[in-house]
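Chemist: Single-letter residue listing:
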Amino acid sequence: MDIATSLYTGKLVRLTRIELEKDPETLAVWSKEATLARMLNETPARPLASEQIKKRLESMEKEIDEKHEMFYFHIRPLEEEKLVGWGKIYWILWPSQIANFQMAIGPSEQNKGYGADAFRLFLRLAFDELNLNRLSVSLPEYNIQGIKFVKKFGFSEEVRRREVIFRDGRRWDSLHFGLLRSEWSVNHD
Amino acid sequence: MINNIFHGKLVRLSAENPETYAEHFSRWWHDSEYGRLLDLAPGALFSPKRVKEWLEKELEKDPPEMWLFGIRALEDDKLIGFVDLSGATPHGDTFVGIGIGERAYWGKGYGTEAMKLVLRFAFAELGLHRVSLDVFEYNPRGVKSYEKAGFRMEGRVREMILRDGQRSDVFFMGVLREDWLKQFGAEYQLESNIS
Chain A
1 MDIATSLYTG
11 KLVRLTRIEL
21 EKDPETLAVW
31 SKEATLARML
41 NETPARPLAS
51 EQIKKRLESM
61 EKEIDEKHEM
71 FYFHIRPLEE
81 EKLVGWGKIY
91 WILWPSQIAN
101 FQMAIGPSEQ
111 NKGYGADAFR
121 LFLRLAFDEL
131 NLNRLSVSLP
141 EYNIQGIKFV
151 KKFGFSEEVR
161 RREVIFRDGR
171 RWDSLHFGLL
181 RSEWSVNHD
Chain B
1 MINNIFHGKL
11 VRLSAENPET
21 YAEHFSRWWH
31 DSEYGRLLDL
41 APGALFSPKR
51 VKEWLEKELE
61 KDPPEMWLFG
71 IRALEDDKLI
81 GFVDLSGATP
91 HGDTFVGIGI
101 GERAYWGKGY
111 GTEAMKLVLR
121 FAFAELGLHR
131 VSLDVFEYNP
141 RGVKSYEKAG
151 FRMEGRVREM
161 ILRDGQRSDV
171 FFMGVLREDW
181 LKQFGAEYQL
191 ESNIS
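Chains as they are written, first to last, in my numbering: chain A, 1 to 189; chain B, 1 to 195.
What the hints contain is simulated information worked out from the structure, not anything from laboratory work.
Incorrect hints may appear among the rest.
[Stated by the list, open to error] The calculated lysine-lysine pairs, modelled on DSS-like cross-linking and capped at a C-alpha distance of 25 Å, are:
1) B/Lys57 with A/Lys55
2) A/Lys67 with B/Lys57
3) A/Lys67 with B/Lys52
4) B/Lys148 with A/Lys62
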């Protein structure tokens, strides 16, 4: 890996900017299925109209500009323009060299290898470009697939916040995972 | 039914005007050890005016997004610190933050009692399911105090802080309502059936 190795282009997908005219429609379709939102965190899932999503993306772009603590990308296949997912490195605390990470692949785009390819790009961006020392991910305990996924990349469970989530009539824990820069290097591709 | 839920033996939880908070917060933050025990982000030393403007907006919100209390020592009615609950989720979880700005009152149980009072407020008045906090590895006094108030360790986030050339971990702690009731229900004359 060197200066000529693209930060944004993987083997299957690329990290791109937001297309404000087209992407909100795709995101609106995904929001009709609550699964995606429920797998991420405890924020209540709700369907969003594309106009609402557009406004949110606009205010996020503004926040990115003003606060310098987030990088947000839309994931697309190498040869196609369609949106297949998004990912963000956020709550960057520069003096501590730490940040949180979140990623989602559209319900119809899963199990094609896009997530793993994009995740590798995000990790390189976090450690080789932003020079972070650690990355955190939090996931509900019922997101078995997500937990397996982050563990495969070397993340280890650090915190189990008990009964933080109340869904489908029962309480669930919220798990926090962490990956240190030193642990990433050994898993380097 | 007990009514005086904001009073303990050493301290009471108080309501203060934005001006009063502002003057104290601004002064306390000039004590860098206080700021570094409280916050991951570097302390910006805001003027009382700036703090006041922020608080005026915050305290106007109804219902509040942040339940902020002053901590007053009963012996001299001095404002010695603050405690707040913020970011409550629809699932009944919230984070608590606490700071004793007046050094003369450190290590004497004032903060612990204020935390116990705010937990009683969270469980007996707000009806929350759990309360969360994070505390830094280099703050063992804080950890001990929170354990006394009922918190349990839930994990350790490695190397979250870089200060004085050294990386430190951050502990996450939490207290569930049912555990809290078992431990303190009798002390506060609460029926365990409120859960």
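Chemist: Hints numbered earlier in the text: which of these fail when held up against the supplied structure?
Modeler: Violated: hint 4 alone.
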